[in-house]
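Chains as they are written, first to last, in the numbering used here: chain A, 10 to 414; chain B, 10 to 414.
Possibly wrong hints are sitting among the right ones.
Identical copies carry no separate label here, and so any pair may be met within one copy or between two of them.
[Claimed, not checked] List of simulated lysine-lysine pairs, DSBU-like, C-alpha gap at most 35 Å:
| hint | residue 1 | residue 2 |
| --- | --- | --- |
| 1 | Lys113 | Lys327 |
| 2 | Lys29 | Lys327 |
| 3 | Lys327 | Lys23 |
| 4 | Lys204 | Lys334 |
| 5 | Lys141 | Lys34 |
| 6 | Lys248 | Lys113 |
| 7 | Lys113 | Lys141 |
| 8 | Lys23 | Lys113 |
These are calculated hints, taken from the structure and not from any lab test.
Protein chains: 2
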Amino acid sequence: LKNLILIVRRFLEKSWNIGKNEPRKVIHCLKVGIALSVVSLFYYMRPLYNGVGGTAMWAVMTVVVVFEYTVGATLYKCLNRATGTFCAGFLAIGIHWIANQSGKRFEPIIMGVSIFILASAATFTRFIPAVKARFDYGTMIFILTFTLVSISGYRIENLLNMAHERVSTIIIGASLCVITSILIFPIWAGEELHKLVISNLEKLAESLDCCVAEFFSDSEDTTTNTKKMLAFKCVLNSKASEETMANFARWEPAHGLFNFQHPWGKYLKISASMRSCACCIEALTSCINQKDQASELLKNQLTNSCQQVSSSTSEILKELALNMKTMRKSSRMDMLIQVKSNAIQELETLMEQLSGLLIIQPKNDQEKPVTRTSSTNVIPLVEIIPTATFASLVIEIAMRIEGVV
Amino acid sequence: LKNLILIVRRFLEKSWNIGKNEPRKVIHCLKVGIALSVVSLFYYMRPLYNGVGGTAMWAVMTVVVVFEYTVGATLYKCLNRATGTFCAGFLAIGIHWIANQSGKRFEPIIMGVSIFILASAATFTRFIPAVKARFDYGTMIFILTFTLVSISGYRIENLLNMAHERVSTIIIGASLCVITSILIFPIWAGEELHKLVISNLEKLAESLDCCVAEFFSDSEDTTTNTKKMLAFKCVLNSKASEETMANFARWEPAHGLFNFQHPWGKYLKISASMRSCACCIEALTSCINQKDQASELLKNQLTNSCQQVSSSTSEILKELALNMKTMRKSSRMDMLIQVKSNAIQELETLMEQLSGLLIIQPKNDQEKPVTRTSSTNVIPLVEIIPTATFASLVIEIAMRIEGVV
């Protein structure tokens, strides 16, 4: 029993933390509650609701199934559900009419075969990527409605009436969902995506800074910075959620800073290049683990220009994040890119100068394993260069975005 | 019109290709068709079906909604749907009884408030990660059933009967789904995950081989190998699908080589280490782009031992894939690890020897930018060492798996 109480308590604590950290999730829950209660009230008020009658169930079902966290997802499901139901209803009535004409004997056969063929075909289209991304839910509803209508058509007879009722209840439920989700504290998928990409840019800049600082610092207290350093892991793992959000964002109407035809695909491109940057940073962290082997002398030589390259790169990332926040292309960007390429060149010339240093040095103290140190010390540079090129790639794409926005 | 025909034709060609490449998807579609037709037949046969009557609709709905590509997903949805309906039905009847006791006036208020509270609370639990992974669908069904039962209970009165009917039709639909998906060409989520991880291991080994071969080859025909070289990208992007598959695999009964409590979590761990390996390979590819700058001499010196390290590493990956295929721990693995660590040591000593070479060499031909070449040339080594350590990490985890299996 004590264990059970402990488990329940931990569960409650966890939920409380989720609620405290993300109050919008709590608001979403309340929104679902409101929408459902309103639908129920609809059902309680007999006179208002006489036209739709017993199929009011469909309105409730629509609210429960369709109501999603973001506006885009809700709209996607609503539109899919409405069009799926509509198409399937029409098709089912048509086939039912044909089956009726061909006599009692063939009717069940025709219906069965048509259900088999259409269900298989519709299920197959769900595997096609383009359809899956946009109409997955719609095809499922299509199958459902088609089967229901053709089966109940065999029994009830007043088919058109039933189809009309079903479509109208679904529209009532769907519009209620859309209204609640847009009017009460809306959560836009596009805005979420926008914020996520910006925060990822900032995280990337921060962890790049931390990594380089960590590598060149002499102190041993690695614990304080590790959390910031590992911020790039979020960037690596956010692919799936970004894709779904971009998908939903396409369904959203114009809101806030975003127009209807906002180039959501570009966000995916930016985050793809961010992921390759994050890969490089991951490789950098493995160098940090070996930093004890690096020689102090060479490190000191390279500290300044290395830090310049990384700081100019992270400056660009931060500026990019700022640009995206304000949705404006700043003139500072070109300057920063200039600064970055200067820093890279400086680093390269410094490395060439150091080649001379390396050759002379071993004669003084032969014990130092020179190649080892040079190799472990050279990594960050070499790693920073691809990072910088990736960053410039990111900037290129970002330029285009700002041109479009 | 011509455009339309072209679009339709391209669409059909694409679907034909999908069908040809993955015949199992076509089989899945036919399975859905069969299950739906059987349910419809159930409904046509009046005498057999008298007990369940007009709510047979629920059976159809269950089949459409619950039938998924893999057995695990189908089972997950079936069990969630059944338990969700059952719990919600009981709770709704209980609350309905309380509301009934408190008189006509308070009844709608109690019902409305209870719907609001329960819907909000259930929606909130869907945000908790542990619940979301396992019971997401169940909580949705819980909300749906609870609302439907409490609303219709206000009207119909014979509540218990309705609840009983609904649960039994759902069980009929669900068991039909489970039977079809298990008996006719079953597609197990666990098996898919197993195959995916194995093929990812092989791809990783292949692209590691190709990268190193590419770096040390003199020829310019990079086009033939690029496809193989970029195979690791699949490894980077497969996180989301692996996680869902591991989730569904937990619901599956014992089948083929897998027991009920198969350690699916370990697969996720393996693929996490594979992803960090893939990151290193990504960094390697950027070195390949700069390979023109590397000096021939140093390259020739290092070719052999570099290739040894990489080939022993990829050998280990392949052996691991083979071990996982046969589900047996081979004795070769220990030997291979020994070979790999020998190769790494050899490479390290060679690098120390080369430090001498580097120092003497510049005196002969000063023009060569020594540090540059050493730096660009050293990368693959330094990159291979983390790759190798990652690989040994993978092996460690894999050992544990084979111990458990």
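If the cut is 35 Å between Cα atoms, do Lys113 and Lys141 qualify within a copy, between copies, both or neither?
Neither: 38 Å inside a copy, 49 Å across copies.
Treating 35 Å as the Cα threshold, decide for Lys29 and Lys327: within, between, both or neither.
Within one copy only: 28 Å inside a chain, 48 Å across chains, cut-off 35 Å.
Evaluate Lys113 and Lys327 at a C-alpha cut-off of 35 Å and name the case that applies: within, between, both or neither.
The answer is neither: 73 Å in one copy and 63 Å across copies each exceed 35 Å.
With identical chains treated as interchangeable, where does the CA-CA distance between Lys327 and Lys23 reach 35 Å or less: within a copy, between copies, both, or neither?
Classified as within; 33 Å inside a copy, 42 Å across copies.
Using 35 Å as the alpha-carbon threshold, which applies to Lys204 and Lys334: within, between, both, or neither?
within (8 Å within a copy, 43 Å between copies)
Homomeric proximity label, Lys141 with Lys34: Cα distance no greater than 35 Å
both (27 Å within a copy, 14 Å between copies)
Are the CA atoms of Lys23 and Lys113 at most 35 Å apart within a copy, between copies, both, or neither?
neither (61 Å within a copy, 39 Å between copies)
Within a copy, between copies, both or neither: which one fits Lys248 and Lys113 at a CA-CA cutoff of 35 Å?
So Lys248 and Lys113 fail the 35 Å test inside a copy (55 Å) and across (54 Å) alike.
When held up to the earlier numbered hints, the structure conflicts with 1, 6, 7, 8 and fits the remainder.
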